[in-house]
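Asks: If you want the building blocks of each chain, they are given just below.
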Amino acid sequence: MSYLVEMKGIEKRFPGVHALKSVQFSLKPGEVHALMGENGAGKSTLMKIMSGIYARDGGEMFVDGKPVTPDSPRAAQDLGIGIIHQELSLMNDLTAAQNVLIGREPRRSLGRLDETALNKKTAEIFASLQLAMDPRTQVSTQTIARQQLIEIAKALSYNPRVLIMDEPTAALNDAEIAELFKVIERLKADGVGIVYISHRMDEIKRIADRVTILRDGAYIDTLDAADTPLSTIIQLMVGREVTQNAPVFPDTSQSPVALEVRNLSRGKDVRDVSFDVRKGEILGFAGLMGAGRTEVARIIFGADPRDAGEILVDGQPVNIRTPHAAVEAGIGYLSEDRKHFGLAVDMTVRANIAMANMDKFTNRAGVLDEAAMKRIAVKYIERLGIRTPSDMQDVRLLSGGNQQKVVIAKWLLRDCDVLIFDEPTRGIDVGAKSEIYALLEDLAAQGRAIIVISSELPEVMRLSHRIAVMCEGRLTGILPGGADTTQEDIMELATQRESALVGAEETQ
Amino acid sequence: MTSTTVDAPKSALSRIIATGTHQRVLAFASLIVLLIGFSIASPNFMQMSNMIAILQATSVNGVLAVAVTLVIITGGIDLSVGTMMTFCAVITGVVLTYAGMPLLLGVVAAIATGALAGSLSGTFVAKMKIPPFIATLGMMLILKGLSLVISGTRPIYFNDTPGFSEISRGSLIGNLIPALPIPNGVLILFMVAALTAYILNRTVLGRYCFALGSNEESVRLSGVNTDRWKIAIYALAGAIVGIAGLLIASRLNSAQPALGLGYELEAIAAVVIGGTSLSGGRGSILGSLIGALIMAVLTNGLRVLSVAQEWQTVVTGAIIILAVYADMMRRKKPN
Amino acid sequence: MTSTTVDAPKSALSRIIATGTHQRVLAFASLIVLLIGFSIASPNFMQMSNMIAILQATSVNGVLAVAVTLVIITGGIDLSVGTMMTFCAVITGVVLTYAGMPLLLGVVAAIATGALAGSLSGTFVAKMKIPPFIATLGMMLILKGLSLVISGTRPIYFNDTPGFSEISRGSLIGNLIPALPIPNGVLILFMVAALTAYILNRTVLGRYCFALGSNEESVRLSGVNTDRWKIAIYALAGAIVGIAGLLIASRLNSAQPALGLGYELEAIAAVVIGGTSLSGGRGSILGSLIGALIMAVLTNGLRVLSVAQEWQTVVTGAIIILAVYADMMRRKKPN
Amino acid sequence: AQDGETYIPLISKGFQHQFWQAVKQGADQAAEEFGVRITFEGPDNETMVDRQIDMLAAALANNPAAIGFAALDSQAAIPLLKQAADAGIPVIAFDSGVESDIPATTATTDNVAAASLAADKMAELIGGAGKVAVVAHDQTSRTGIDRRDGFLNQIASAYPDIEVVSVQYGAGDQLQSTEVAKAILTANPDLDGMFGTNEGSAIGVVNAVREMGSEGITVIGYDSGKAQTDAIRDGLMAGAITQNPVGIGYETVKAAIAAINGEELPAIIDTGFYYYDQSNIDDDEIQAVLYD
Ligand SMILES: Nc1ncnc2c1ncn2[C@@H]1O[C@H](COP(=O)(O)OP(=O)(O)OP(=O)(O)O)[C@@H](O)[C@H]1O
Ligand SMILES: Nc1ncnc2c1ncn2[C@@H]1O[C@H](COP(=O)(O)OP(=O)(O)OP(=O)(O)O)[C@@H](O)[C@H]1O
Ligand SMILES: [Mg+2]
Ligand SMILES: [Mg+2]
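Chains as they are written, first to last, in the working numbering: chain A, 1 to 508; chain B, 1001 to 1335; chain C, 2001 to 2335; chain D, 3001 to 3292.
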């Protein structure tokens, strides 16, 4: 049969990295083809070649059987190839609609813009995505999850025949994911070919028709999704057996309280939130997108001001107004948005890992101990399996998942008494995920108090000793961890809307 | 950044000028505080003739600020506006005085020269990937030298083109309403500002100004020909600088070839005081206009108060910092 | 940007100066092309005495460029370096000539004044969140005015402090090696550059310069007291400006209170020609030094060739653009 | 102005330079003597023609009794001067004239004649033959042009054996003028003399000669100031032209008062210029016109 897109013998080298070694890939119309592989395996690179962003160093590409060499995103668009990038690349100062239709603004004579048509067209695209968003909202005011949805809308607006989705769900919650999958079904029915990249293994079973696996830049195999058990896929990705050791939940009810939060409030985002975490405990935070979990964490960390509330560390009230004060008080926070808040991407891996710990690496005169920094950086590169040619590589040049590992390394190194991880495993492959879980459990065992905010329910349930659930800025309940708590229990609390309780006005 | 709080119907004009930048209007506050302060301090300040003097003093810097706002919103900078203005004035002098062409051709020459020079800067930036600071610094020097070369280092007077000085000094409004002798130069400033604000907020060119300043790579990846648009934006800014050249030449009834250095800093200062960010993506023409007015009021007021010149400088510096600080605070509060 | 291609062992000095910026050394190319060009064009150019004249002409602008490099790497800008230099010189004049204190105190006064003024700018930027452009523009005006006020708009001469003019004009090297009468001012420039390069590449302060310029919010969220570090960086830059104040005062054997405006643009130009990005996060002291040298060679060479002044300006503008373009091309190729 | 007070603003071409400060000093002196209030203002540099006009406009807002004005461009300010004339405010031009009959008088130095005197002195000192260079302060300002051309024309017409090898500009900035002069010395190792057309230029030439260790260069300066008088005493500078800036300021204010009182004034008040060197620097007549 004829392929929509076919790639053969694709080669790509970066300085110090052989990113793709004679890789092949094919896409049929109306199929979802999952592209799998560990962090840094070369998935994004292959797709950037397909969509005209990188030039290939070798190999061939065919669209509808005709050889093509898309040399720009525009050329790829003309071939009907659209891409949703792993890293957000929106214009933050513009509105959602202005982003979605950039370059294709409805115009009137003399280059005048028809803003009404622009907003109307965007509203239609949003409606088809079941996305409740005013096309006139400014992008920078939106959380990354919602920004991701704007990116998706933008890619769809081109009506592509081939749509590449590079980790579209990394920032999304179950409800949005379900919505996205409906869209994917519709596109499939229209004959659109979809390349789907994700580290959420469960999704593969749900939507993929075929699976291609890459390892270390090399092509491993292409399989039928329906006939292949997940464990096989994982084994092919990682190159070995991954054993999931069953979690043990220690009893920490008698441990001293490490962090106590009382009546934290900030506008409508955070309303009267109180909870505590004990030493040695992992407290999970679940909730739908926009539930206010990130906001609670940022307030505790002093990154945002609060209207009211008290924070106690080791039973002592602390006055935290800046992240610096928080770190001094022994609190660390790993942000959900690595690109904007987690990394200085133009700096090296080594410098980023050391960033929160400079006093460890300086003498009294302020002179840096590069040798010690290198030692530590190399240690974490090994431990977390960060794929990089050296610790002096600029973080910007790492794959998305490997960048995330760098942020994790930074905070693991900081060794705070209270550590708040916001979406720590976003974009991280299965193998590395279990390594990170083990590290978190290790930290807890050493007596640290750990808060994990995650939109992946399985992750919250796998890790948490207790699970706090938020909805619309309120803490709606704290559930015990372990097998006794089901997804349904959590979802019930996560959707316990105030309006629903009161039974009054209908929300969107 | 808080967006829409008010959604009441707005007048067409205010919508044109202020789209997405309601808070910018608040920058008026510093201006009004200054006006009130000086009025109290000196009875001579708040006279019609002095108000008109302030507006006229704003006209050239205001037009330059409008031009440079466009470039700054794209995330660039333009250091050449001062000497480019002079260059346009000199070319007009050559066309009108040396070649004896009719007035209209002189006007066209100024604007065309600006557009051409601007598109050259734009080409350096867009095609040759030279940082805007360097590209426009180079242009600043090149145009400065060329002005001197072309004019023979002598001012070119417009005595043979009687209507020329009316461009800035005449008063159409004053002819209609004798009590309001606002010079044409001021009228032109406001017209240029309104038109540029319209272009910025209502046309594709304006949209790409903001888009380029916000995330150039993303605009490029969306298939927009960013180079071409950037050149167009620099050319438009240049054309506006050409108008400033006309204004200053008409006001001085001569093209002064040595003038211009230092004007770029003042224009950029007006833009930044007006709340436009030097990192691009955000800004408004109204803000730049207010910024230019703040500077003109400050300078004039301190002079009318007869403050010793060395102290004028000190006070100007301090008030600029304070005005921007007040603006910061005001914008922060609603968050 | 390609990093490591060479991994051969490097000398300690080159490692200190060039860490992470090997390509910067390539900017030497433009400089060398200029040197060769001028040598061919004029037999008088390549003489020891003229080379020393060029170095001496670089000294003040070079030190200012070093100072402003620090601030630019943090993503800021410092427009006040020129008038701050003058202000430091005036304070030294007050200490040495008016108060008759010993030489060493004058030196300390200049550096301390610079550090203080710098930390004030830093406070405006860090604590009051005023954009660096405005904060330092305000400081530029304030310091300019204060220099005039304090000096009574008169130069302050250092005739009563005989050793003072030796700071810049004397030649320690010349005393040792009579064939190489390099003035102390040049020596001081290189020492300041080497020390600052060390601080930038080997200490926490330097690390935070790059980090702040790269992504300030991520540094803040790493628990770093960014405000304090920013103030420290501006203060260090100010202290270096204080040294520039000493150099110029010593060279003119007087504190000239009216001097200073325009020096900021030249210093920033040197930095940008040297490859430091105005958007922060990247840059090197060596680059700025080369940038300052390129400008000095260019100016000197054209003067030695007796090119007419107006054409000197044109050619300077064109060559600055070309030099940076060549640099861009060279850096682009290996990708 | 307050009731009964006579207010006379002086708008000059500059403010920070020693020359203008000396003019201000003379004006202050007269103001005190005659019991009037003056202000003294000028733009940062002599290219800012429009800024000077804004200053004039602000001065007019204060209802002055008279105005002193040193025009950067002889035509640009005419509309405002007309406005002053219509309001019955007398205008006194100083330093250089205005192409108009509005000013009641002009208190000025003949810069062309002064510079040609400098040329004569230069020729005398280098023996009527050789190579000389000029470091001027400005290429476009009236004083810059007059002094440069006064010197060049005199050399060209009276001293055929003297060659002017270079004319360059240092903006009156001491440091920049130093670098300019050094470049000229480099290019012309056999130079005999240099003329610096104002204080900053002259000091620049002296600095250059000192830093290059050049010998046998005859330096002639213009204006005074401590560094220049020191250089003359030390023999680094052969001599200099000085105007009488204090006199210019004084005469401007004095003439303004006369004009207010409706007195007749001569068309030009020539405040004169002098050549001074080691031999006469301590004469009372010279000391009276020097400033430092
Ligand atoms: N521009 C670049 N310069 C240098 N190296 C690069 C560049 N882009 C990617 N790489 C390297 O190429 C390899 C493949 O990266 P790629 O982004 O394709 O991985 P990925 O499979 O998408 O991983 P992830 O799951 O983490 O997103 C990585 O080792 C990465 O560091
Ligand atoms: N769906 C939404 N509608 C409106 N505002 C939203 C929405 N999502 C996020 N926000 C904004 O973000 C604020 C809180 O989001 P926050 O990121 O703290 O929540 P979260 O629970 O961490 O969600 P996420 O899973 O997206 O990280 C909201 O109060 C609102 O300002
Ligand atoms: Mg990827
Ligand atoms: Mg969140």
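By construction, these hints were calculated from the structure, which means they are not laboratory data.
As the structure is a prediction and not an experimental result, all values here were calculated from the model.
We put the beta carbon where it would ideally sit given N, CA and C, even for glycine.
Be a bit skeptical, because a hint or two may be false.
What the hints assert, rightly or not - Here are some of the chain B residues that sit facing chain C, going by a computed Cβ distance under 7 angstroms:
hint, residue
1, Ile-1032
2, Ile-1130
3, Phe-1133
4, Gly-1138
5, Ile-1177
6, Val-1272
7, Tyr-1325
8, Met-1328
Asks: Are the hints correct? Go through all of them and say.
Replies: For each hint, the structure was consulted:
Below 7 angstroms, beta-carbon pairs count as interface contacts, and B:Ile-1032 has none with chain C, the closest being about 20 angstroms; its hint is therefore violated. For B:Ile-1130, the interface hint holds, the least distance from its beta-carbon to any beta-carbon of chain C being 5 angstroms, beneath 7 angstroms. Interface restraint check for B:Phe-1133: the shortest CB-CB distance to chain C comes to about 5 angstroms, inside 7 angstroms, so the restraint holds. Against a cut-off of 7 angstroms between C-beta atoms, the interface hint on B:Gly-1138 holds, since the closest Cβ of chain C lies about 4 angstroms away.
At about 38 angstroms, the closest approach between the beta carbon of B:Ile-1177 and any beta carbon in chain C exceeds 7 angstroms, and the interface hint on this residue is violated. At a threshold of 7 angstroms, the smallest CB-CB gap from B:Val-1272 to chain C is about 5 angstroms, leaving the interface hint in force. Among the interface hints, the one on B:Tyr-1325 holds; its C-beta lies about 5 angstroms from the nearest C-beta in chain C, closer than the 7 angstroms criterion. The interface hint given for B:Met-1328 holds, since its Cβ lies 5 angstroms from the closest Cβ of chain C, which is under the 7 angstroms cut-off.
Checked against the numbered hints given earlier, the structure breaks hints 1 and 5 and satisfies all the rest.
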